[in-house]
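Q: One letter stands for each residue in the lines below.
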Amino acid sequence: MSEGEKKQLDLKRREMPKQPPEVRRYNFSEVALGYTPELAIEEAKRCIQCKKPSCIANCPVEINIPGFLKKVAEGDFVGGIRVLKDKNCLPAVCGRVCPQEEQCEKTCVFHKKGGQIAIGRIERFLADWEAQQSESEMPDMPPRSGRKVAIVGGGPAGLTVAGDLIKFGHEVTVFEALHKMGGVLVYGIPEFRLPKAIVNREVEYLRKLGVELVTDFVVGKTRTIDSILEEYDAVFVGSGAGLPWFMEIPGENLNGVYSANEYLTRLNLMKGFLFPKYHTPVKSHRKVAVVGGGNVAMDCARSALRLGAESRIIYRRSREELPARLEEVENAEEEGVIFDFLTLPLRYIGDENGWVKAIECQKMELGEPDASGRRKPIPIEGSEVIYPLDAVVCAIGNSPNPLIGATTPGLKIGKKGNIEADEKTGATSREKIWAGGDVVTGAATVILAMGAGRFAARSIHEYLSSL
Amino acid sequence: MFRVIASKMIVPNMHLLTLAAPAVAREAKPGQFVILRAEEEGERVPLSLSDWDAQSGTITVVFMSIGSTTGRLALLAPGASIPTVVGPLGNATEIENYGTVVCVCGCYGIGSIFPIARALKRKGNRIITIMEARSSYLFYWDERLEAISDKMIHITRDGSKGHRGHAGRLPEILRGLEEPVDRIIANGCTFLMKRTSDETRPLGIKTMVSLNPIMIDGTGMCGVCRVTVGSVTRFACVHGPDFDAHQVDWEELLQRRKTYMQEEVVPLRTSRCEERHLRSQEKSHE
Ligand SMILES: Cc1cc2nc3c(=O)[nH]c(=O)nc-3n(C[C@H](O)[C@H](O)[C@H](O)COP(=O)(O)OP(=O)(O)OC[C@H]3O[C@@H](n4cnc5c(N)ncnc54)[C@H](O)[C@@H]3O)c2cc1C
Ligand SMILES: Cc1cc2nc3c(=O)[nH]c(=O)nc-3n(C[C@H](O)[C@H](O)[C@H](O)COP(=O)(O)OP(=O)(O)OC[C@H]3O[C@@H](n4cnc5c(N)ncnc54)[C@H](O)[C@@H]3O)c2cc1C
Ligand code: SF4
Ligand code: FES
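Heads up: the sequence lines are chains W and L, in that order.
Anchor point for the first sequence: position 359 equals 359 in the working numbering, and the numbering is continuous, going up by one each time.
Anchor point for the second sequence: position 1 equals 1 in the working numbering, and the numbering is continuous, going up by one each time.
Any given hint could turn out to be false.
[To be verified] Across the chosen pairs, the derived CB separations fall in these ranges:
id: 1; chain 1: W; residue 1: A197; chain 2: L; residue 2: G99; range: 51 to 61 Å
id: 2; chain 1: W; residue 1: E231; chain 2: L; residue 2: G124; range: 34 to 44 Å
id: 3; chain 1: L; residue 1: G230; chain 2: W; residue 2: L326; range: 39 to 49 Å
id: 4; chain 1: W; residue 1: N200; chain 2: L; residue 2: M64; range: 33 to 43 Å
id: 5; chain 1: W; residue 1: E431; chain 2: L; residue 2: Y137; range: 52 to 62 Å
id: 6; chain 1: W; residue 1: E384; chain 2: L; residue 2: G124; range: 58 to 68 Å
Bear in mind the hints are in silico, worked out from the structure with no lab data behind them.
Note that CB positions come from ideal geometry on N, CA and C, so glycine has one too.
Looking at chain L on its own, in the form it has when it is part of the complex:
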């Protein structure tokens, strides 16, 4: 069992969880993830490592409460335990001295990009952090990222902080920088990563993303995490999760992530009557 050390909602619907997992903390590297189960009957879900401390043997994840497992994880209080925390899984993000690196993040990716940016900074890179959210109240870890970034840029849908809009503003923001960009790293929801990829492809700047397909074991055993990268099928859990964004088949990834929408989202987000209605509609379509 793995004990909860700290648990907090940091911005609406976004939670931070610190767990005692000494073996994972000892080996963790930026860009890796863990798989957790909230209960004995629980599903296995992957979450990126947002921080860890080998000394105290703890790891920290940041997640959005969207489904059955994240919903349960969000309710855990310090002192509670969960049955599974396994990792660190996946390959670490490549950390070299590239020159200037732009870290694009949003949603849970603000948390998961932090250790990557920190390591890149230590390697001597200039770090420009671009955070994206619907509104300014959804930003978190500003100070932590600011401490390791040479420049901070915000984008909000409602214009409440920084640029108004979304990742579509990236080209002009990048053009406005006084220096050339050597590498871009994007973490967060699939749409943010895809959009970033679409915007940076014409600019010819190498862009890395941390893909988030459905997973079960996280060790290369089930193959549910397959993604097409450069027309080759890869298992994101063992060959990734980081891939060259411009090689990723994004439509396929988005499609595959929807596999269990009907089973997982519909019962959670709708009343039972609606669900029955949907089913009967489905039947009449046959």
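Okay, chain W solo, but in the shape it has when bound:
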């Protein structure tokens, strides 16, 4: 870029085409349609290639952001994808679900003026462009080391470790409890936000690299980690945070009350929205309330809409405190999800056949900030309200499943059921066992799980090389 051009700062973020709300609320196809090559190039050209790029510092996997933006600006998509994939093995996924507004885009020098580069959209564009090419590039593979690593869990953490270690020359087997690889990416995040074909493509790429993928295998049940270690040199645990929490209020076991995991699994993993072609049934409810305010709650509420229900979010704080990505909140609002803020469920009310028919809630007001820094909701006496409904989805959080801890003697488990592991290396209290992702941090993000996987892979590789 010449000096002359640089003076003309372009602060206009290029919008990404989307399905209009009144159309998309009736289908499960992806909401965002992605940049065209022209839009991607225009947007990438806005980057001024800072000498000390502040965006990179805020990317959990330190992607060379100006590097790939420059390639895109030049129309060199092959070069761009190479820079991107050097640090991020799942760009098509991250381009869609990463909270960029909290990360790279937040520290872009244009952020103050509201013109931060749409890094996520360009990342997504590049990854999709590559997928459309007939053959994706296969990396040069080093000679085989003869060392074997077992990975527990086929989510983003496990898949990242698998990809890295096979490229270091080790033999890798991934053991996944469910019948599909991908973790939350396949059973939790809905099709309209992350098409499953994209996840499958990434999984197929790993298969092509030579990773052995074993589904229907529950480590701790089908085989313990110690038994696996008789055959493998190291184990990485990336089993996620898949244990759903309930409110523990009366009526929670009525028919029509779901955990978010159940609701989303029926739809995404089991493809219940295609019942009876797929055999797992889903109910067609008329009025659904989703309790919670995170990404998970938004996904449930927007899924309920698409199944034809009136859908509302019940959240005990206000809009400002919603932990979900702003973009997803806006999408939900546009599509017609009703939001009841400052509202806390007290009990579920059942009919004579054991089906939920209403929810009783209490109104809240915000008090002083609590430990999380957010203002604490305080109940308002006498403000009880009853909403009629025929389904409730509880989306208030998940924690790690205790199975691995219970079946692996000597593995140190923290207070919240998380496996204790070194932040920089993923090393656990047990020799030959590493861990990372949601099972260590509690429910977090895809990119953090990937980042943890990347660190652990490096540490495992060092260990294997020392043998």
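With the hints as your guide, set chain L with the ligands onto chain W.
A: Chain L with the ligands alone, transformed into the frame defined by chain W:
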């Protein structure tokens, strides 16, 4: 993929399926179950392990053909394959030397109680097996159970074998035994287990049941299998499936099992016209 080794209808509507699943066979213990999918588009359904052989790497399940998955499983011929067999899931049944154990079974529970009774026998218990069915032609595995039981008792609705009636006859049958009973284990349909529980509660005999709520993953991830036991919510797939029968909230379990009746049973058991009629009725109720 998991290969079908043997497949047979053992009594009307009750099927036996032997599958090659070496990893499951190696770890299986009495009282555990597997989750299967019959096809790529299939639902995940839990079935108890009725037998296994670690050496040949096979497992055997016995099931009643009642719905979409069991219907498909029933049609499989040896040599065919199914995409999912995962397990062994759930906790094993507690096997101790209790003294005299009564094993109450019916329906698919005749199959699933067999490995439990066998293990209890090996532990030195006296085994009294009580089998229940509508009619004598619905009994199977008589010889297998007889071989490990000290006493066999049959109950049939129509009186065609043993006592006439149902699990309601249990108190008098138990009273008629020449020895005190130290423990009762019941496997089979929910009604049989509930009735057994109702009948043994006043007798104060510890009774264990293998609960069968709806499940999806079987690993504690979805929570659909929740049951209330001793006023606490438990996930049957990871905290069970065995629970103290007298602590179980049976009404809730029966209720929750009906969740998908409308979706799963109605289309299978009725003509489409009836179904439409039902829907319009439902609408007019609103
Ligand atoms: C509905 C929903 C929406 C989300 N939206 C976003 C978003 O927009 N952006 C974002 O960044 N993050 C989002 N997240 C969070 C993100 O998906 C997770 O942080 C991330 O998937 C964690 O990756 P992981 O590999 O640690 O675990 P997971 O993705 O949970 O994968 C763990 C895998 O291990 C398997 N497993 C568990 N136990 C065993 C065992 N014993 N043996 C074998 N396998 C086992 C599980 O079946 C699972 O497949 C969302 C989460 C949910 C639930
Ligand atoms: C731990 C565990 C172990 C189990 N072990 C066995 C086993 O060894 N053998 C076995 O046969 N089953 C067993 N079951 C039950 C079995 O998983 C279910 O019957 C399963 O739903 C059958 O799947 P399907 O797709 O054929 O039927 P679906 O299509 O799921 O249809 C079943 C429908 O039938 C309804 N229904 C409930 N009870 C009855 C009934 N008594 N008769 C007819 N319909 C009914 C339900 O509402 C459900 O909607 C077990 C369940 C659990 C949880
Ligand atoms: S901070 Fe913004 S302008 Fe600077 S290099 Fe990064 S993306 Fe480009
Ligand atoms: S079957 Fe999903 S938690 Fe038990």
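Q: Any of the earlier hints contradicted here, and which numbers?
A: none
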